[in-house]
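Given only the sequences and the hints, what does the whole structure look like? Please build it.
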Amino acid sequence: MNTGRTKYFNFDWITIILFLLLVGFGWLNIISASHTGETLNYLDFNQSYGKQLIFIFLTFGLVVVLLAIDTKFYERFSSVIYIISMLSLVGLFIFGKNVNGATSWYAIGGMTLQPSEFAKAATALAVAKHISDLNTNINSLKDQIKTFIIIIIPALLVLLQNDTGSTIVYGAFFFVLYREGLPKYYLTIGISMIVLAILALKFGAIVTSFIASILIFTYYFFNRKKVSLFQSVFILLLSIALSFGVKFFYQSILQPHQQDRISLWLRLEKDPAKLEQMKRTFAYNLNESEKAISSGGFTGRGFMEGTRTTGKFVPEQHTDYIFSTVGEEWGFLGCTFVVVVFVLLLLRILHLAELQKSQFSRVYGYGVASIIFIHFFINIGMVMGLIPTIGIPLPMFSYGGSGLWAFTILIFIFIKLDSNRINEW
Amino acid sequence: MRQFLLFASIIFVGLLFISRLFYLQIYTSSGHDLYEDNAIRKVYEYPKRGFVYDRNGELLVSNQPSYDVMVIPREVEPLDTIEFCSLLKIDKENFLKTYKRARNYSPRLPSVFVSHLSKEDYAVLQEKMRKFKGFYIQKRSLRDYQTTIGANVLGYIAEVNQREIKNDGYYLSGDIIGKQGIEKSYENELRGIKGVKFIQKDRFNRDIGPYKNGEKDTIPIPGKDVTITIDAELQEYGEFLMKNKVGGIVAIEPQSGEILSLISAPSYNPNLLVGRKRSGNYTKLNKDSIHLPLIDKGLLRMHEPGSPFKTLIALTALQEGAIDEQTSIRCSGAYHYGGSRPMGCHCGGGTRVLNNGISKSCNSYFANAFRKTIDKYNNATEGMNVWSSHIKSFGLGEYLGYDLSIGKKGNIPDGSYYDKWYPDFRWGSTTIISNSIGQGEVLVTPIQLANVMATIANRGHYFTPHIIKKIENDTIPSKYTNKHETSIDKHHFEPIIEGLHDVYGPNGTAWFLNASGIEICGKTGTAENFTKIDGERKQLTDHSIFVAFAPKDNPQIALAILVENGYYGARFAGRIATLMIEKYINRKITRKDLENWILTYTLEHEYIKPFLGEPFEINAKSGMMTVEQYDRILAEREQ
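Sequence order for the protein chains is A and B.
Just so we're aligned: 20 in UniProt numbering is position 20 of the first sequence, and the numbers increase by one with no gaps anywhere.
Just so we're aligned: 528 in UniProt numbering is position 528 of the second sequence, and the numbers increase by one with no gaps anywhere.
Everything labelled a hint here was simulated from the structure, so no lab data went into it.
As the structure is a prediction and not an experimental result, all values here were calculated from the model.
Beta carbons: idealized from backbone N, C-alpha and C, even for Gly.
Fair warning: there could be bad hints in the mix.
Unchecked claim - Only some residues are given here: those of chain B computed to face chain A with a beta carbon under 7 Å:
#, residue
1, Ile10
2, Leu21
3, Gln25
4, Ala39
5, Glu45
6, Lys48
Here it is in structure tokens:
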């Protein structure tokens, strides 16, 4: 099959162009969000935008290396890469540097590295390797547990370092496993639990239990041949336990700032005075971020013209809240552009993944799409107030070397795998 | 199907985000208004407020700098309070109290610490100010009155209130606005347009630098100077004559409608309402319930017009053909119209025609003329409507439309007015005969009466009275240059004017008020008035009223004078009218005797009567009192 690709340059240029668009546009917004009124010197490495420019240059070197490595290397050494990565996470407990309450950084010279960013790619490789193993049957409970363990190890390690956001990212692998044949009831149970939990928090455990019992018995009466009464009662009891458990979890296990974020998201607080106080304290970021986005209007205020961006009204604006800069300075048009580019990138990777003939490449590609999707969903959703505040970066966009390189590695390993799909057989 | 879960999720989230963006950025977006943007500090620069000149170019109102000591509590560092207090001339207790109030208002926003420093204090303080961190001196602009007269016309400026801020987007808290007089009427011209600088803030409310390098900033546009129609010299003389009296004088130039003077007595020095002593002085003036100095008597005092109204009765009767110049009646000292009591008349009795009806102010003559006018029509309602519309064409019964913001409509009844009073239509011309002599239900203000005089002087038209003469680089509103024609034909005015001229003749009611060399036309008037003492209606000494214009041909001034409780028209108001006319036309006073008389006698004893709680006499029985006598009584009372 001749797709017009030459032997050495048969990389998927659409993905590469979409990647470059995001990196480039991201950098423009980092300039806006981080410059402090001095005359712009793009090579001033004391400024975030200057540093990010170095990171971007280094990224090109990284890309060359990633594409030069033989395809077989990634599959063959995935276990080794995974183990090294896990060790680097464990090492944080001894050598880690604490930034903003999370011990997830190595300080090397003047630079900091965040191994949890790289762990995502390593885990994706490991999961792909495990599932594509001919001996693995995803429908067997034993293999399911094995797979879960691969995923849960890094998730737990980052959770212990107080980096809740990164933990949630590992939920992305659900999409991968489901695609590869994880039984349907996982999906049913997963969605039911999320719905139950939200209902229980918003309307209380008793109301939720009541609604659940009506639904379950209605279902039982119309499907008596498929489900037994015993099963229904069992599920009902589970639901009730979950409804009450969620309340307990919310009140006793979650940290106060996490409770506040959920309370704000579900509008649990009705007292206007307390709401006003929320806006000044933990909801300050969100409030300022929404205001900045809103003030952009249809066309935005223009590059470096956003008054809220210039005045640094949104804290962390060049990292997690970078999308609010897009909102203020590029408006509805710019934001829609970013959303569309992300959607196209995700769909392109998904499409390529489905075309892969090797299961390893397909599973890995799926992993890449899922991880980027979860970041995209949580980050932009958070900045616009659609989901509770969870601190994770916007891929390719947010300031930070570790993040940029981690996503470069994630994507370009896949581009390399994809470039080889014709030669594999 | 399993491939679709992630695919569908991506599409769903993409659409969800775009809808959320639509909601935030298009549906609820506040847009790009810099004034609404709290990331931008707006710093305003206030322009010079326009000066005010009188009609002869004399400067009346200018500006003076005023210095306020401001404090930003957050920035204050420990200081030598004793030295600071002595510089500011306040005591320590006061210092602490003011400081606490400023702190409570806001630790980071400036508050006024001491307002309106004198120039001397400012000079001393300025040198030492840098020793006191967190305090600074803010320069503001106050009005500087170059004159002591015309407070009611000039008005005053003060800080805007919440309602004014809401009504006009131009104003911000702390801005100055004209509250009264020309300051209010010509606020937009006088204030100019303030300039604004946009400054980028950060989230700690610190300034970062000019927004867009200042390209959106504007510079202040100075206010326009205005010239008013007031003749300062005449105004000052009028206020001088009105000493020890309560009332108003309105003088109008008939051929233009320009208000030459608008006197409200007693008057006060406009400088009293400027600066540090303002609020104390204002309270003092506001509390004077005997003289009500803050009420503009020339614009706000509604009263019965009295005999001057007879001129309008005659004009409507002539226009309607109810009488002509030769129509005569015999006055027997009373007019019998079938009522329970005849209407009395002071003209002395005899045969009356139009001319001596006016000059002797014969009640019977005008009662007859009024009756004939109304009875010409099939029913009284119709007759009264016609009559009313003639009278209203002189600007009565409605706001005149002059350019001062206060006023009263007065009252000119029409047919339906009485239909309401007498529901079964059982009324006729005789029921309402009091109107014929300017009593009954008719009510006017002095400025309306002055306008009637100007209209007669013009032989049938007037220009809306106004106070504005010239606006720098602008024209005055066209409504003040439009002629208003009355519904009375021009030729009917001549016999009336002859009558008014004969008022000063040997047999007229103002025979002793002639000024040599000036042909004056005038009319005396008295108006009964009542007050309530302990809920009981009590009659007071009549108001002395006089209207006049001069010279008879080519009139230059028309005026109306109301001296409250001055008894008959010629006594106080009539003397003042002659003096005002002399002053305006000849610029000197030949009737020194009249001036001395006016300055000798006071009416204070009349004004204080209702407040003494003792029985009192009115009118002729009340007697005259000189200023000296009154002062002696006051002195005795104080002991």
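Q) Going by Cβ atoms only, is Leu21/B closer than 7 Å to chain A? A) 5 Å, holds
Q: Classify the hint on Glu45/B as holds or violated, based on whether any CB of chain A lies nearer than 7 Å to its CB.
A: 21 Å, violated
Q) With 7 Å as the cut and Cβ atoms as the points, is Ile10/B at the interface with chain A? A) OK, holds: Ile10/B within 7 Å of chain A, min 5 Å.
Q: Using Cβ atoms only, decide whether Ala39/B comes closer than 7 Å to chain A, and label the hint accordingly.
A: 4 Å, holds
(Q) Min Cβ distance, Gln25/B to chain A: is it shorter than 7 Å? (A) 4 Å, holds
Q. Do the numbers back the hint for Lys48/B, that is, is its least Cβ distance to chain A under 7 Å?
A. Violated: closest Cβ of chain A sits about 31 Å from Lys48/B, beyond 7 Å.
Going down the numbered hints, you'll see the structure goes against 5 and 6, while the others check out.
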